[in-house]
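*Asks:* Each chain, letter by letter, is given below.
There are 2 protein chains.
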Amino acid sequence: MVDAASPFETVMRPGLPPPAAGRWSGFPAHNFVGGHNAPEALLPDTLMQALKTAIDREGLDLATYNLRSGPQGYEPLRAFVTGHLAKVAGMRVTADELLVTSGSLQGMDLINAALLQPGDTVLIEEVNYGGVLTRLARLGVEAVPVRVDGSGMCMASLGTELEKLSARGVQPKYIYTIPTVQNPSATVLSEARRREMLALAKQYQTVIFEDDCYADLVFAETRPPAIHALDDDGRVVYLGSFSKSIAPALRVGYVAAPWPLLSQLIALKTDAGTGALEQLMLAEYCPRHFENHIANLLPILKGKLAVLTSALEEHFGTAAEFAEPEGGIFLWVKLPEAVDTTVLAKAGEGIGISVNPGREWSVASDAGQFIRICYANPDHETIRSGVAGLADVCFETFGVPKRGGNVERFAGAQ
Amino acid sequence: MVDAASPFETVMRPGLPPPAAGRWSGFPAHNFVGGHNAPEALLPDTLMQALKTAIDREGLDLATYNLRSGPQGYEPLRAFVTGHLAKVAGMRVTADELLVTSGSLQGMDLINAALLQPGDTVLIEEVNYGGVLTRLARLGVEAVPVRVDGSGMCMASLGTELEKLSARGVQPKYIYTIPTVQNPSATVLSEARRREMLALAKQYQTVIFEDDCYADLVFAETRPPAIHALDDDGRVVYLGSFSKSIAPALRVGYVAAPWPLLSQLIALKTDAGTGALEQLMLAEYCPRHFENHIANLLPILKGKLAVLTSALEEHFGTAAEFAEPEGGIFLWVKLPEAVDTTVLAKAGEGIGISVNPGREWSVASDAGQFIRICYANPDHETIRSGVAGLADVCFETFGVPKRGGNVERFAGAQ
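If you read the protein sequences in the order shown, they are chains H and L.
Each residue of the first sequence is one higher than the one before, starting from 1 at the first, in my numbering.
Each residue of the second sequence is one higher than the one before, starting from 415 at the first, in my numbering.
Hints are computed from structural coordinates only; laboratory data are not their basis.
Do not rely on the hints blindly, as some may be mistaken.
What the hints assert, rightly or not - To spell it out: a stretch of chain L is covered by chain H in this simulated footprint if at least three of its residues, at any positions, have a beta carbon under 8 Å from a beta carbon of chain H; those stretches are: (1) 440-453; (2) 471-485; (3) 607-614; (4) 642-652; (5) 808-814.
Said to hold, decoys possible - Here are a few chain H residues that face chain L, going by a calculated C-beta distance under 8 Å: (6) Asp61; (7) Asp109; (8) Leu261; (9) Gln264.
To be verified - If the Cβ cut is set under 8 Å, some of the chain L residues that face chain H in the computed set are: (10) Pro458; (11) Leu553; (12) Glu575; (13) Lys578; (14) Leu579; (15) Ala681; (16) Gly689; (17) Ala690; (18) Ala752.
Just so it is clear, CB atoms sit at the ideal spot from N, CA and C, and this is done for glycine as well.
Looking at chain H on its own, in the form it has when it is part of the complex (with noise of 0.2 Å):
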């Protein structure tokens, strides 16, 4: 109705991103797409008993601000996270030390926020969530990309690419990495190489921004200490989450950083505290039930990836490549040269079958041969159609996958 002339056209500020679409329409029938967890695993009685638990308690607290923990999130889950994070993670933090956010990514938006400006340079891995591309170019800020093996982010390459920017004058703001469960790659930083990372970040005068938001579903036994853990001059600023661990709509995550640090970006964070239920929720359930809660996802992450990869292997033959995933929830797969994955992205939308397109996902210059594949929330049976009619569709517009069981199922269609 408004729309033609809005009086709001008149008074926008310059430079803004593109503006929602439209309005939203659903989740398609295939959703490979977004960080969704496995509802499988959610327990929400237990849950809503950890709650009941606190707010009998402490639920008239509910009418202050902040309930009665100031603006640093509520002071037990803050203890909850410090022992969790000495014990998984090999971190030496205090409850001062850390900050509750809305997410992780009001984490990442606050460390931005506190850290860059345009005209500003930070290396980041060179396939990477698409997330953190948007959010540097919109910051006009320039993001130099790190070359990524199948063991994370390439230590040669980090120092080669430090020294061009240190040969040009320029100090990167900071080297931003996702160390345990990388994504789009879902490598496994070893110990080796978090330990020449801060080498380099102290001999070129950086920082370093670990997002570990996916670490905790590493599907080995253990997993290396966090660079933070190895840190001993408070180089390291660390993003943690529990969107990827217990549910994603809950919106807590926590950043843990050196004062200096922290108390900027508790002065930047003007949004009058995160929500009270899920800290409150966390807080009672996860000293009981976080570990269990973990052995008990990632038997089903590790069930949905095989199914995935057998549903790859027969419908897309030697024509899908990927690595086996060290963890987490998504897969990072290589489609032929023939194949423009931003077109077949867009091909698949129209069918109900979305993907990622590797362009969104990578500034490597074969980013278009790459899809990611989120594997965690739908069910064994959408995920073995989803990949069918991805195949199919892939034939339809590039004439891959040539070979195996779906081109024949295909043609016999015909």
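Starting from the known structure of chain H, arrange chain L on it as the hints suggest.
*Replies:* Positioned in the frame of chain H, the structure of chain L alone reads:
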């Protein structure tokens, strides 16, 4: 430990706001600051029962971002808000025109991010929410103050300021107003003034940012229609909240805006959604209980206000001047010229009595004579003893209040 020479100091963005001063040390014994609510009005069991009903029905949706409602927020909550705004504020908005936010403050930050850049100009009520003054200063935006009288923003003053800006060739980005229970004057703008404001906005080709976060707390039986309801060309962005009505710790607010603006706000909201538990709870609780809750809350607030004003009369006598609030949770009190309330607030803090000094809440020339007293959270006895203590420290520091029971009591204690 690392505070002395943090590596982060070399990578910090210039021009940041002051960092958090230190670790939070708890609420003062007499806490008259912050928009905390009355715990007596909270019904934790009923709220929990509502959440349980919602979780029993759709708890597994917690495994997906945004439940199944997309980035604008949980659809049943938006449905309640549309009905509520129609009933109490005469607004005609659909769920598609609403964005649920993490408190109304996130909504404010999003609106500012969409509209403002350094050097811009806006118009505001000269007495105002302190967070508005600090936000606009941080953004490098000129805030032109408009006079406020016992009936809210003065339209003559608004017209004069708009004309002056027009003469200077300045296009103001918006008129910001808290029309219904203005903060801190606790006035309610009449429908006639609302219509005048709209006419002026149209005449000078600007828009109105209507912050109605206290509007559910009007003491009278009815309230005027929202400015948004009187608008016929999509010139108003409307901000609401559940913090002041249900509970501030929940962090749920909402924005109603024409699509050209709303689509930008959605794109700028990069936190991947507002907490699901809060939205589920409110969507289930409010349709059945919201009206009763408010009917229960208002007498509690009025009772506390009566205790406050009677304590002020007892301990400050004629030295404390104030208008009877038309709703809400705060009283705006004028003290004699001899008093500098910035100094008074500091002295009060030293003995555990917190009030907002006028200079944080006003840019008027007499700001230093005012204090804002939030009365919703403390109990009756705490209100009484806090006012008595404040009168003592005021007399010690400034020699006023000179007459009345307080002085006699104080002198007797020497």
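*Asks:* It remains to establish, for every hint, whether it holds in the given structure.
*Replies:* Now the hints, each set against the structure:
no.	hint	verdict
1	440-453	holds (count 8)
2	471-485	holds (count 13)
3	607-614	violated (count 0)
4	642-652	holds (count 4)
5	808-814	violated (count 0)
6	Asp61	7 Å, holds
7	Asp109	6 Å, holds
8	Leu261	4 Å, holds
9	Gln264	5 Å, holds
10	Pro458	3 Å, holds
11	Leu553	10 Å, violated
12	Glu575	17 Å, violated
13	Lys578	18 Å, violated
14	Leu579	13 Å, violated
15	Ala681	5 Å, holds
16	Gly689	3 Å, holds
17	Ala690	4 Å, holds
18	Ala752	33 Å, violated
Consistency note: the structure conflicts with the earlier hints numbered 3, 5, 11, 12, 13, 14, 18.
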